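Visitor: Sequence:
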Amino acid sequence: MGFTFYFGSLVGSVSSYDVATPTKEIQWLGSVFTGVFFCVIVYRLTANLSSLLFAGYGKLNRAEKIEWNNRGFSTVHALFVSFASFYFLVLSDIFKKDSQEELVINRSSTFSNSVLGISIGYFLADLAMILWHFPALGGVEYVLHHGLSMFSIIQSLLSGQGQIYILMVLFSESTTPFVNLRWHLDVAGLKSSKLYVWNGAALFFGWLIARIFLFIFFFVHMWTHFDEVNEIFPLGFYTLVVVPPVLTIMNLFWFWKIAKGLVKTLSKAKHGK
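Anchor point for the sequence shown: position 130 equals 130 in the UniProt record's numbering, and the numbering is continuous, going up by one each time.
Bear in mind the hints are in silico, worked out from the structure with no lab data behind them. Mixed in with the good hints, there may be bad ones.
Dumping the calculated DSS-like pairs for lysine-lysine here, alpha-carbon to alpha-carbon at most 25 Å [said to hold, decoys possible]: (1) Lys-191 / Lys-264; (2) Lys-270 / Lys-194; (3) Lys-257 / Lys-194; (4) Lys-268 / Lys-257; (5) Lys-268 / Lys-194; (6) Lys-191 / Lys-257; (7) Lys-191 / Lys-65; (8) Lys-194 / Lys-59; (9) Lys-260 / Lys-270; (10) Lys-270 / Lys-191; (11) Lys-270 / Lys-257; (12) Lys-191 / Lys-268; (13) Lys-264 / Lys-194; (14) Lys-191 / Lys-59; (15) Lys-194 / Lys-260; (16) Lys-191 / Lys-260.
Source: prediction; values computed, not measured.
Please model the entire structure based on the sequences and the hints provided.
Guide: Following this line, the structure appears as structure tokens:
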């Protein structure tokens, strides 16, 4: 038994084995608000702890402090969804081949739904800040990335379908802490430090694994399970076919910039010896 949404003739109906009861709808909304609340709390904690533990924080201008704090909750969210995704995809039995009778594409759990809801809350909070301070916290590419991410996650949460692929993409957020640390070190005037160099190398290899190789595995998995993917409701199916390639193009573009930055950093470090 499932539930059905009607988005019009183009979209079709959304059916899932995860019945949308009032209790579950409250849980979903609660997890979204939890995500937003967590962002607000971590934003303030980042500001308070940074002012106490980092002397240079007080020397930052207002715009830099806002971005510093924003990247604080960005890092915490990235760590949370990365560990959660790894648990569901590798350690848990939820998506293992013969662990359930349901198709892999239709599997979800209360915990996975909560993780997706919290992630939606994060993207909402971060997108609101990006738009409010536009373009200081990120340009059009960040708006596109967050918009596509939320659009995809919301569909998966409401339908209970495609969560395995959403979690694969969310695991790619594991590179975000390295991106944020690079920015923090740059603003702190530590661009010539060994930590900056090592972080740049970690970002390069992390990005290669989590945003290039993982996406290759993503598309191979989709291709080999296309009979199941084809069971997803129309809008969800087309989103799954269109959005990941767009994200892949963005990831390749950013990877090219990361590679250029790493070469530049290593060159400076070599000449500085």
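Visitor: Are the hints correct? Go through all of them and say.
Guide: Against the structure, the hints:
A distance of roughly 12 Å separates the Cα atoms of Lys-191 and Lys-264; the hinted pair therefore holds under the 25 Å criterion. For the suggested pair Lys-270 and Lys-194, the alpha carbons sit about 11 Å apart, so the restraint of at most 25 Å is met. The suggested pairing of Lys-257 with Lys-194 holds, with an alpha-carbon distance near 20 Å, which does not exceed 25 Å. For the hint linking Lys-268 to Lys-257, the alpha-carbon distance of about 17 Å falls within 25 Å, and the restraint holds.
With a C-alpha separation of about 11 Å, the suggested pair Lys-268 and Lys-194 falls inside the 25 Å cut-off, and the hint holds. For the given pair, Lys-191 sits about 17 Å from Lys-257 by alpha-carbon distance, which is consistent with the 25 Å threshold. Between Lys-191 and Lys-65 the alpha-carbon distance is near 18 Å, which keeps this suggested pair within the 25 Å criterion. At roughly 23 Å between alpha-carbon atoms, Lys-194 and Lys-59 fall within 25 Å of each other, so this suggested pair holds.
The hinted pair formed by Lys-260 and Lys-270 meets the criterion: a straight-line CA distance of about 15 Å does not exceed 25 Å. With a C-alpha separation of about 14 Å, the suggested pairing of Lys-270 with Lys-191 holds against the 25 Å cut-off. Between Lys-270 and Lys-257, the direct Cα distance comes to roughly 20 Å. Compliance with the 25 Å bound is thereby established for this hinted pair. Only pairs whose Cα atoms come within 25 Å are accepted, and Lys-191 paired with Lys-268 is accepted, the gap being roughly 10 Å.
With a C-alpha separation of about 14 Å, the suggested pair Lys-264 and Lys-194 falls inside the 25 Å cut-off, and the hint holds. For the given pair, Lys-191 sits about 17 Å from Lys-59 by alpha-carbon distance, which is consistent with the 25 Å threshold. Between Lys-194 and Lys-260, the direct Cα distance comes to roughly 18 Å. Compliance with the 25 Å bound is thereby established for this hinted pair. For the hint linking Lys-191 to Lys-260, the alpha-carbon distance of about 15 Å falls within 25 Å, and the restraint holds.
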